[in-house]
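K.L.:
This is what each chain is made of:
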Amino acid sequence: MKFLGNLDMMHLMERSLRRAAIPYALSEGFNPHIKLSMGTVLPVGLWGENEYFDLELSQRMDIIDFRQKLSVALPSCLQLGECQEINDSAPSLMKIINAASYVFLLEPPFPSLDKWKEELLARPSLTVRSRGKKKGLDKELRTGIYRIEVEQSLNFGRVEIWVAVGEPVNVRYDELGELLLQTGFTQKSIAEVFRSGNYIREGSSYLSPLEVRLDKHTSPCGHSGVPPCGVTIKVGGMRVNK
Amino acid sequence: MKDQLFRDILSRVAKPARYTGSELNMIKKDWEQAGVKMAFAFPDVYEVGMSHVGGKILYGLVNEKSRHLLERVFAPWPDMEAIMRAEQIPLFSLESFRPVLDFEVLGFSLQYELSITNVLNMLDLAGIPLWSRERNEAHPLVIAGGPVVFNPEPFADFFDIFIIGDGEEVLLEFLDKVETSRGLEKVEKLKRLAAIEGVYAPALYNVEYREDGILKSFEPRFAEVPARVRKRVVKDLDQAYYPDKPLVPYMEITHDRAVLEVMRGCQRGCRFCHAGIVYRPVRERSLETLESQARHQLQNTGYEEISLASLSSLDYSGIDPLLKGLVGNYGEKGIGVSLPSLRVDAFSIDLANEVQKVRKTTLTLAPEAGTQRLRDIINKNVSEEQLLDAVEAAFKSGWLSLKLYFMIGLPGEREEDLEGIIEILQKVKYIGDKYSRRPVEIRASLASFVPKAHTPFQWRPQNTMAELDSKQQFLSRRRRKRIKLSFHDRRTSYLEGVIARGDRRLAPVIYLAWQKGCKFDGWSEYFNFDNWQDAFRESEVEPEFYTGRQRPYEESFPWDFIDIGVSKEFLQEEDQKAEEGLTTADCRQEGCSDCGICLAMEVSLNIKGGNVDALEKQI
Ligand code: SF4
Numbered sequence: 001m002k003f004l005g006n007l008d009m010m011h012l013m014e015r016s017l018r019r020a021a022i023p024y025a026l027s028e029g030f031n032p033h034i035k036l037s038m039g040t041v042l043p044v045g046l047w048g049e050n051e052y053f054d055l056e057l058s059q060r061m062d063i064i065d066f067r068q069k070l071s072v073a074l075p076s077c078l079q080l081g082e083c084q085e086i087n088d089s090a091p092s093l094m095k096i097i098n099a100a101s102y103v104f105l106l107e108p109p110f111p112s113l114d115k116w117k118e119e120l121l122a123r124p125s126l127t128v129r130s131r132g133k134k135k136g137l138d139k140e141l142r143t144g145i146y147r148i149e150v151e152q153s154l155n156f157g158r159v160e161i162w163v164a165v166g167e168p169v170n171v172r173y174d175e176l177g178e179l180l181l182q183t184g185f186t187q188k189s190i191a192e193v194f195r196s197g198n199y200i201r202e203g204s205s206y207l208s209p210l211e212v213r214l215d216k217h218t219s220p221c222g223h224s225g226v227p228p229c230g231v232t233i234k235v236g237g238m239r240v241n242k
Numbered sequence: 001m002k003d004q005l006f007r008d009i010l011s012r013v014a015k016p017a018r019y020t021g022s023e024l025n026m027i028k029k030d031w032e033q034a035g036v037k038m039a040f041a042f043p044d045v046y047e048v049g050m051s052h053v054g055g056k057i058l059y060g061l062v063n064e065k066s067r068h069l070l071e072r073v074f075a076p077w078p079d080m081e082a083i084m085r086a087e088q089i090p091l092f093s094l095e096s097f098r099p100v101l102d103f104e105v106l107g108f109s110l111q112y113e114l115s116i117t118n119v120l121n122m123l124d125l126a127g128i129p130l131w132s133r134e135r136n137e138a139h140p141l142v143i144a145g146g147p148v149v150f151n152p153e154p155f156a157d158f159f160d161i162f163i164i165g166d167g168e169e170v171l172l173e174f175l176d177k178v179e180t181s182r183g184l185e186k187v188e189k190l191k192r193l194a195a196i197e198g199v200y201a202p203a204l205y206n207v208e209y210r211e212d213g214i215l216k217s218f219e220p221r222f223a224e225v226p227a228r229v230r231k232r233v234v235k236d237l238d239q240a241y242y243p244d245k246p247l248v249p250y251m252e253i254t255h256d257r258a259v260l261e262v263m264r265g266c267q268r269g270c271r272f273c274h275a276g277i278v279y280r281p282v283r284e285r286s287l288e289t290l291e292s293q294a295r296h297q298l299q300n301t302g303y304e305e306i307s308l309a310s311l312s313s314l315d316y317s318g319i320d321p322l323l324k325g326l327v328g329n330y331g332e333k334g335i336g337v338s339l340p341s342l343r344v345d346a347f348s349i350d351l352a353n354e355v356q357k358v359r360k361t362t363l364t365l366a367p368e369a370g371t372q373r374l375r376d377i378i379n380k381n382v383s384e385e386q387l388l389d390a391v392e393a394a395f396k397s398g399w400l401s402l403k404l405y406f407m408i409g410l411p412g413e414r415e416e417d418l419e420g421i422i423e424i425l426q427k428v429k430y431i432g433d434k435y436s437r438r439p440v441e442i443r444a445s446l447a448s449f450v451p452k453a454h455t456p457f458q459w460r461p462q463n464t465m466a467e468l469d470s471k472q473q474f475l476s477r478r479r480r481k482r483i484k485l486s487f488h489d490r491r492t493s494y495l496e497g498v499i500a501r502g503d504r505r506l507a508p509v510i511y512l513a514w515q516k517g518c519k520f521d522g523w524s525e526y527f528n529f530d531n532w533q534d535a536f537r538e539s540e541v542e543p544e545f546y547t548g549r550q551r552p553y554e555e556s557f558p559w560d561f562i563d564i565g566v567s568k569e570f571l572q573e574e575d576q577k578a579e580e581g582l583t584t585a586d587c588r589q590e591g592c593s594d595c596g597i598c599l600a601m602e603v604s605l606n607i608k609g610g611n612v613d614a615l616e617k618q619i
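Protein sequences, first through last, are from chains A and B. Once you know that position 129 of the first sequence is 129 in the numbering used here, the rest is easy, because the numbers rise by one and skip nothing. Once you know that position 542 of the second sequence is 542 in the numbering used here, the rest is easy, because the numbers rise by one and skip nothing.
Do not rely on the hints blindly, as some may be mistaken.
[Claimed, not checked] Lysine to any residue pairs mimicking SDA-like chemistry, simulated, CA-CA at most 25 Å apart:
1) B:Lys15 with A:Arg131
2) A:Lys188 with B:Glu23
3) B:Lys484 with B:Glu441
4) A:Lys188 with B:Glu87
5) A:Lys234 with B:Glu23
Simulated from the structure, these hints should not be mistaken for laboratory data. Keep in mind it's a predicted model, so treat the numbers as computed, not measured.
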């Protein structure tokens with residue numbers, strides 16, 4: 001699943017919803033499509049542990065029933081995490097997700113991770129060549145790097161970096177990769193990269209889209225008895241089975 | 001190998017999902033428990049190969065209905081090929097990631113003449129000797145099927161076996177026999193297999209040519225080997241296997257949708273059409289079968305579109321109730337129906353409107369020739385009036401763009417026929433501008449006619465590249481505003497023509513062309529005509545011999561031994577009628593025209609619906 005493009009991922013989800021016979025809502029117009037939207041785009045070459053989708057239903061559905069039907073229909077490379085009802089006034093995932101975390105799994109040789117982390121965070125400026133819109137230009141990442149956790153044993157290392165999505169600077173996973181290469185890692189030592197989460201960052205806490213919307217936006221739509229009702233779906237890809 | 005692939009290799013290639021396998025509904029059988037292990041190879045890239053219905057049928061058939069195993073292999077795109085060669089990764093299957101060399105049978109699907117260079121390239125990537133005579137009992141048995149093998153001779157030296165006709169009718173029987181012939185010497189094995197109807201083993205025949213290059217004799221080397229090979233035919237499509245759980249790829253492929261094969265064969269009798277002759281007679285699936293297949297496929301795939309596939313789907317006798325049922329059952333869920341081929345009449349447009357209520361993008365019609373005289377010659381029984389009626393109906397109901405298919409270089413073609421194409425296009429555009437508020441877009445696709453084996457035009461010469469060139473220029477000069485003309489590459493048509501009526505002497509040419517780097521010849525970015533020309537020169541084969549001659553009726557053809565059921569006499573009569581400008585009626589509506597197949601093969605037209613309404617509406 002890490003090799004799927006964004007559009008392929010959407011197709012996969014839509015086809016799973018059809019197989020599961022979920023009463024999805026369709027858009028009006030020339031080319032009706034399922035009202036499904038992805039939180040943030042998962043780049044080709046990455047798999048994600050916690051990815052979110054919003055789906056609009058044409059009729060309310062019991063959430064346990066929903067979960068059951070959809071998880072049977074999903075291909076084995078995807079696992080359904082939680083599902084949660086939201087009402088239609090909930091802001092879109094795309095609007096509220098403002099942080100993400102990426103994990104780099106490392107194989108020796110690589111530098112001492114604690115020391116590396118300390119030095120990196122102490123630096124006032126971290127520039128890489130931009131991989132995004134302003135391709136090739138220098139890009140300052142420092143304000144977008146929020147937090148780093150490391151874990152190290154004899155023959156294994158793990159670096160997890162929490163970064164900004166959108167504002168103040170949109171940090172891409174391949175730019176983080178370059179940062180690693182600039183600061184003492186080799187391409188060979190990076191065994192695997194994946195996105196471990198998408199968050200709504202408030203102060204120093206990182207909330208999942210499910211938590212946030214549970215607090216603020218859930219007034220179960222069933223009460224009014226009128227569709228549309230929405231569901232947020234969390235899915236995670238799996239590491240390639242070796 | 002899988003490990004290396006996923007970790008180091010796939011991130012370096014374009015569209016890695018071509019090589020990852022594990023698609024939805026993939027069947028991975030236990031290797032140890034399985035009977036014969038067969039790799040099914042499609043000599044083109046994943047997106048093209050995965051779109052092919054025949055492959056889906058055989059995949060499900062072997063894996064679901066027998067103890068044998070069938071796994072998929074596609075041609076790696078050149079970027080992947082380069083890495084595979086550099087890292088010494090052999091060609092592998094997508095189910096178990098095993099080298100192709102581990103399989104007992106390697107079966108290629110040949111849909112297009114020029115895909116042969118990809119076949120050789122894949123054999124080479126697999127580490128399998130390219131020439132059949134260099135392979136022994138320990139190598140996989142290399143076989144092929146598909147429309148191209150109705151003249152297998154140009155490829156005879158590369159394959160051990162060809163399977164002629166409907167694959168699902170014979171493959172299981174074939175694999176059973178492969179299993180019981182294990183341990184036999186290769187030639188003995190081939191003899192046993194060749195006893196199955198529809199199985200042709202070229203090494204069991206001697207071929208001689210006369211001094212002037214024409215076939216002198218074609219004879220079996222052993223008494224027990226049949227002199228002629230008869231194609232296999234599914235008599236009743238309702239009884240034939242069709243997959244309810246087709247594979248659903250993760251990446252977008254060329255035809256990414258559920259497919260209903262409503263019928264096989266076509267009875268219209270267009271004289272240029274290879275498929276129309278070799279897949280006779282028409283056999284339909286019943287409405288009930290199709291409805292159930294649609295339901296299962298959609299349930300098991302989640303596809304957003306279902307398409308009706310066949311040579312001429314709107315001739316299906318139950319087309320009206322079928323379409324109404326599909327639209328009624330699935331339209332609300334956002335599932336669309338698509339009709340890839342439309343007949344040229346207003347009735348077809350009405351049906352197309354019914355299924356495509358909203359998305360009126362491009363409509364495609366195929367008048368094939370520019371004047372009535374030439375359409376009579378090729379037996380395309382469509383009048384200009386019908387065409388213009390269809391066009392009017394289309395524009396009236398809101399279509400904005402129209403695509404028309406024509407052929408140039410047809411037998412008997414004159415300048416007025418080319419003028420005729422332009423005139424038709426202008427009339428079409430005029431009608432469009434009259435009914436549409438926006439300026440309409442007219443596109444014409446102009447293919448070059450290639451005479452094919454087993455068709456009424458198999459005796460005819462093919463236009464030279466220079467002739468085609470001047471015809472293309474003639475048309476381009478007369479082109480009008482907002483009418484777009486696109487021509488097929490005349491060099492590919494020429495090569496197709498050489499191979500389509502070729503013989504065993506072409507093998508060295510093909511081999512040389514591959515050695516010089518030819519592959520993906522169907523892809524304009526890779527097609528290299530110079531290499532082919534060099535290959536002809538160096539192997540001293542004169543391509544004009546195959547394309548340029550008007551062949552006399554008494555000539556024996558290299559493909560005559562393939563018994564397609566339709567008689568050579570019928571083909572000759574059709575050719576003579578073409579010469580006189582006489583047409584032959586559709587045998588489904590106007591009675592049998594004695595092509596011979598129904599009698600010879602104890603088959604019959606299998607028309608399920610008996611839907612008189614639809615028949616009567618046909619013009
Ligand atoms: S034998 Fe007659 S009915 Fe049968 S396919 Fe040929 S022309 Fe049609």
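K.L.:
Given the hinted pair Lys484 of chain B and Glu441 of chain B, is their alpha-carbon gap at most 25 Å?
P.N.:
Given pair Lys484 of chain B, Glu441 of chain B holds - Cα atoms ~8 Å apart, limit 25 Å.
K.L.:
Is the straight-line distance between the alpha-carbon of Lys15 of chain B and that of Arg131 of chain A 25 Å or less?
P.N.:
Holds - the C-alpha atoms of Arg131 of chain A and Lys15 of chain B are around 19 Å apart, at most 25 Å.
K.L.:
Holds or violated: are the alpha carbons of Lys188 of chain A and Glu23 of chain B at most 25 Å from each other?
P.N.:
violated (29 Å)
K.L.:
Quick one, are Lys188 of chain A and Glu87 of chain B close enough, alpha carbons at most 25 Å?
P.N.:
Within the cut-off at roughly 17 Å; holds.
K.L.:
Are the Cα atoms of Lys234 of chain A and Glu23 of chain B separated by 25 Å or less?
P.N.:
holds (21 Å)
Comparing the model with each numbered hint stated earlier shows that hint 2 is the single one that does not hold.
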